[in-house]
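Which chain is which? The protein sequence lines are W and B, in order.
Count the first sequence with the numbering used here and you get residues 1 to 340, in order.
Count the second sequence with the numbering used here and you get residues 1 to 620, in order.
In case anyone wonders, no lab produced these hints; they're calculated from the structure.
Here the structure is a predicted model, which means the values were calculated and not measured.
Check the hints yourself; a few may be wrong.
[Said to hold, decoys possible] Okay, derived cross-link-like pairs now, DSBU-like style, lysine-lysine, Cα gap no bigger than 30 angstroms in a straight line:
1) B/Lys445 to W/Lys48
2) B/Lys198 to B/Lys241
3) B/Lys402 to W/Lys48
4) W/Lys329 to B/Lys402
5) W/Lys185 to W/Lys146
6) W/Lys321 to B/Lys131
7) B/Lys570 to B/Lys588
8) B/Lys445 to W/Lys321
9) W/Lys321 to B/Lys542
10) W/Lys220 to W/Lys234
11) B/Lys241 to W/Lys329
12) W/Lys190 to W/Lys12
13) B/Lys605 to W/Lys329
14) B/Lys570 to B/Lys605
15) W/Lys48 to W/Lys185
16) B/Lys542 to B/Lys445
17) W/Lys195 to B/Lys287
18) W/Lys329 to B/Lys236
19) B/Lys236 to W/Lys321
20) W/Lys329 to B/Lys210
21) B/Lys200 to B/Lys236
22) W/Lys234 to W/Lys244
23) B/Lys287 to B/Lys236
24) B/Lys202 to W/Lys329
25) W/Lys12 to B/Lys445
26) B/Lys108 to B/Lys588
27) W/Lys11 to B/Lys445
[Unchecked claim] Chain W residues, not near chain B, derived (Cβ > 12 angstroms throughout):
28) Met8
29) Pro24
30) Leu230
31) Gly233
32) Asn241
33) Asn252
34) Asp271
35) Lys321
[What the hints assert, rightly or not] Sample of chain B residues facing chain W (criterion: CB under 10 angstroms; computed from the structure):
36) Ser167
37) Arg170
38) Lys241
39) Ile300
40) Ala302
Just so you know, even glycine gets a beta-carbon here, dropped at the ideal spot from N, CA and C.
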Amino acid sequence: MATTTLPMYTKKDFQTDQEVRWCPGCGDYAILNAVQSVFPELGIPREKFVVVSGIGCSSRFPYYMNTYGFHSIHGRAPAVATGIKIARPDLEVWVATGDGDSLAIGGNHTIHMLRRNVGIKVLMFNNRIYGLTKGQYSPTSEFGKKTKSTPYGSADQPFNPLALAIGAGTTFIARSVDVFQPHLKETLKKAAAHKGAAYIEILQNCNIFNDGAWADVTEKETRSEHVVALEHGKPLIFGKNRDKGIRMNGINLEVVALGNGTSEADLLIHDERNPNPVYAFLLAQMHETPGFPTPIGTLRAWETSRYEDIVAAQVRDVIAKRGPGDISKLLHSGDTWEVR
Amino acid sequence: MGTLTESPVHGHKRETIEQAVIRFAGDSGDGMQITGNQFTNTVALYGNDLATFPDYPAEIRAPAGTIPGVSGFQIHFASGQVYTPGDAVDALIVMNPAAMIVNLPDLKRNGILILNADSFTENDLRKAHLKSNPLEDHSLDGYRVFPVGLERLTRAALTELGLDAKSTDRCKNFFALGMCCWLYNRPMESTFRWLDQKFKNKPLLAEANKLALRAGYSYCEATEAFQVSYEIPPAKLAPGKYRNLSGNQALAMGFVMASQKSGLTLFLGSYPITPASDVLHELSMYKDFGVLTFQAEDEIAAVTSALGASFAGALAVTTTSGPGMSLKSEAMGLAVAVELPIVICDIQRGGPSTGLPTKTEQADLLQALFGRSSEAPIPVLAAATPGDCFWTAFEASRIALKYMTPVILLSDGFLANGAEPWHIPELRDIAEIPIHFATNPETFKPYARDPQTLARPWAIPGTPDLEHRIGGIEKEDVTGNVSYEPLNHEHMVRLRAAKVEAVAQEIPDLVPAGDPDGDLLIVSWGSTYGAITAALGTAREKGARSGHVHLRYLNPLARNLGEILRRYRKVLVPEMNLGQLALILRAKYLVDVQSYSKVQGRPFKQAEIEAKIEEVLAER
């Protein structure tokens, strides 16, 4: 078997000559940095990458990635990406999207791409605000949020993006944070290794229209009390002194203090490969439950058949059974007659 | 008048005639479409020219025996050329009173009316809103009426089989088909073959339907019901191999042919919608040709997935009908901006909105030409006949690939479901579609131009060192970088328009059918081709100096159209809309064209066009 040697890529190989035009201080820079750092390490030829996006600040992403890129229209990136992946399962297709693009105008495409388990990696930049249109509330904005379009507070209940993804049957679900660079990079690598659809919520700050969107998660002083990092096969422990944990109580999760008879052995051991999505769903609810830390890391990583592989297999099977199509035979199919 | 000959049996007379129009009508559950299609097959195999017109309700199964549930299938077949499914019906076969009431107005005076006598009960008459029984009240006196107990006779014929009552009764359409085979002297072998295939795993049902078919034939043979049977000799079509083909089948095969001739994988993104769904059904069967079909979550995903596939190097197609077309508008604008090949098929139906899903119309022309934000020119082609859908699909693909542009293909419900004998082409007569993917990093610029076509290069993912970005934001000429420069924008707007206009360089000059100049020119497009061609023939026989040009290319238009328009004293544009092409011709050529509109969900009749021609010519 012939082996081809991959070029030794560096971050620079994935940077374009285009001036990056996000606001200074935007969380998107950190995400771009993480992706440009991770792609060279994946062992994949650069020309195999396709980055697809919709509309929004995050959707400018492809212009800054020196890969094949398609900046499409609002909300439609998952559908464009699905077409690419069906036509060319050999390609590595990544989608850059935001909370508005993915969950409002593109909600339909998002859930259908996820339920089909198309092998696409979705980076959902969640800043809980509409940035490009200058500050309206988004489907992930908190209830009651005052924005330009909701001067008296939003009446909308927000989506829980990860719970939605679980409901759609997503096989890889993770959360990371723009400023947690090592964690974000690790998460991206894990997503890249996953064969099926991956949905990664990246908590991202919009310092112009929604500054401090995730302050409780990102503030250095409080971070360790408010975040629990999920690691497969390890107990759910958090707190500055690693003195708190999560355990099951009936069908619910509860926060417990370690010590006084409660030990690590009582805690929930994280199992990202649990085929039952209910477990991941419980984790996804934590962020919205008072007193619970926000889980980051991989909530679910469970492999099953990919859509594009099934489609390709059908074509292969039919050709194996009937032989490659003969266009002349097709034209003459059914009853024919000859006029002399 | 035809010639009468003595039939060898029973002293029936056989009359040779030139053409006939027959219509089957019944409940949408009565199998009228199947009956019509089977009769069409026997007629086609016999060598007649033909055209069909399936006409069915949008409701899948309206209450049995009611007027909204009536489904019909009309076929016109002849020993000469056939251009339309026929204006008026020579023989009408109805399964119940509702079907009779709906269809009787189209039956010629003294025409044949075969009706299912078992369905003229009080209950059935009430469902058809009939106060008295037409079999008794002399309202059918002007027709040759043949009441036949289809259910009773079918049951009698099938009694040995031990089939349940419901399945037995469902064979009555084949009894009626058997009668028609006798009446028009048609062999039944092709239907036997079809039944064996269809009921491969239910031989009892195949046997039952065959028995019913034979019984219908024998019934006519044995009884004195019909004095005369008819013979319509084969038509003198151009030599070659033929098959029967519907517009949607033809469309699907045209795309497979384009895929074969370009060497590209065919990708169809589609969302089910009447009357376009059959193209998806057809193409989903062609996996042996490597065809990829994707039933998307909605119309928008259907077109955007196709655009993704196009970016990845496939021959991309999406199919829809009017309302779905509206949903695709934004993505079509994107396709214009990113300059990727894709064919968007609109199988038009009555509108606006849900409108008349199963009925035909050609009122999406302006939507196709202009229905996008900003300046977003797209070549538009329209098919003229069911068989022409094959060639139009192929040509639309060729233009899309050569010019790197979206192309809109217009068909309609009438073409989609109608069928005609199709002269099967020789493979060697169909030109290859050359594809040149960009591969050279030294020279590659995403928005450089081919000087002749103005097409940009197609560099597909997987090609080393041609990584580039495309998108909906305005592109800088040549580099394809994002650009908000005012002059660049104007340049790009004009460039995109010039590229589409460049397609005109290979549109063949129009040659009017009929007289090259004179009193009247008819200009048309789409499915009106047949009715107008037939009507023009009649008008010219009567001495009118008139011509006809039928447009396949609606954007850009043929270069010599303006000149042709001025060769005639009057120009008439019949359309199944309120004058959309007429508007374009007036605006573009400043010619006082007259619009002739029909928007009834039904195609023009030949007689309607003939009458209009006379009216226009009579005007001073």
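Hints and how they fare:
| no. | hint | result |
| --- | --- | --- |
| 1 | B/Lys445 to W/Lys48 | holds (19 angstroms) |
| 2 | B/Lys198 to B/Lys241 | holds (25 angstroms) |
| 3 | B/Lys402 to W/Lys48 | holds (25 angstroms) |
| 4 | W/Lys329 to B/Lys402 | holds (27 angstroms) |
| 5 | W/Lys185 to W/Lys146 | violated (33 angstroms) |
| 6 | W/Lys321 to B/Lys131 | violated (60 angstroms) |
| 7 | B/Lys570 to B/Lys588 | holds (17 angstroms) |
| 8 | B/Lys445 to W/Lys321 | violated (43 angstroms) |
| 9 | W/Lys321 to B/Lys542 | violated (59 angstroms) |
| 10 | W/Lys220 to W/Lys234 | holds (24 angstroms) |
| 11 | B/Lys241 to W/Lys329 | holds (12 angstroms) |
| 12 | W/Lys190 to W/Lys12 | holds (22 angstroms) |
| 13 | B/Lys605 to W/Lys329 | violated (36 angstroms) |
| 14 | B/Lys570 to B/Lys605 | holds (21 angstroms) |
| 15 | W/Lys48 to W/Lys185 | holds (20 angstroms) |
| 16 | B/Lys542 to B/Lys445 | violated (61 angstroms) |
| 17 | W/Lys195 to B/Lys287 | holds (24 angstroms) |
| 18 | W/Lys329 to B/Lys236 | holds (25 angstroms) |
| 19 | B/Lys236 to W/Lys321 | violated (40 angstroms) |
| 20 | W/Lys329 to B/Lys210 | holds (28 angstroms) |
| 21 | B/Lys200 to B/Lys236 | violated (36 angstroms) |
| 22 | W/Lys234 to W/Lys244 | holds (14 angstroms) |
| 23 | B/Lys287 to B/Lys236 | violated (37 angstroms) |
| 24 | B/Lys202 to W/Lys329 | holds (27 angstroms) |
| 25 | W/Lys12 to B/Lys445 | holds (21 angstroms) |
| 26 | B/Lys108 to B/Lys588 | violated (43 angstroms) |
| 27 | W/Lys11 to B/Lys445 | holds (23 angstroms) |
| 28 | Met8 | holds (15 angstroms) |
| 29 | Pro24 | holds (19 angstroms) |
| 30 | Leu230 | holds (31 angstroms) |
| 31 | Gly233 | holds (36 angstroms) |
| 32 | Asn241 | holds (48 angstroms) |
| 33 | Asn252 | holds (34 angstroms) |
| 34 | Asp271 | holds (31 angstroms) |
| 35 | Lys321 | violated (8 angstroms) |
| 36 | Ser167 | violated (26 angstroms) |
| 37 | Arg170 | violated (24 angstroms) |
| 38 | Lys241 | holds (5 angstroms) |
| 39 | Ile300 | holds (6 angstroms) |
| 40 | Ala302 | holds (8 angstroms) |
Of the numbered hints given earlier, the model fails hints 5, 6, 8, 9, 13, 16, 19, 21, 23, 26, 35, 36 and 37; all others are met.
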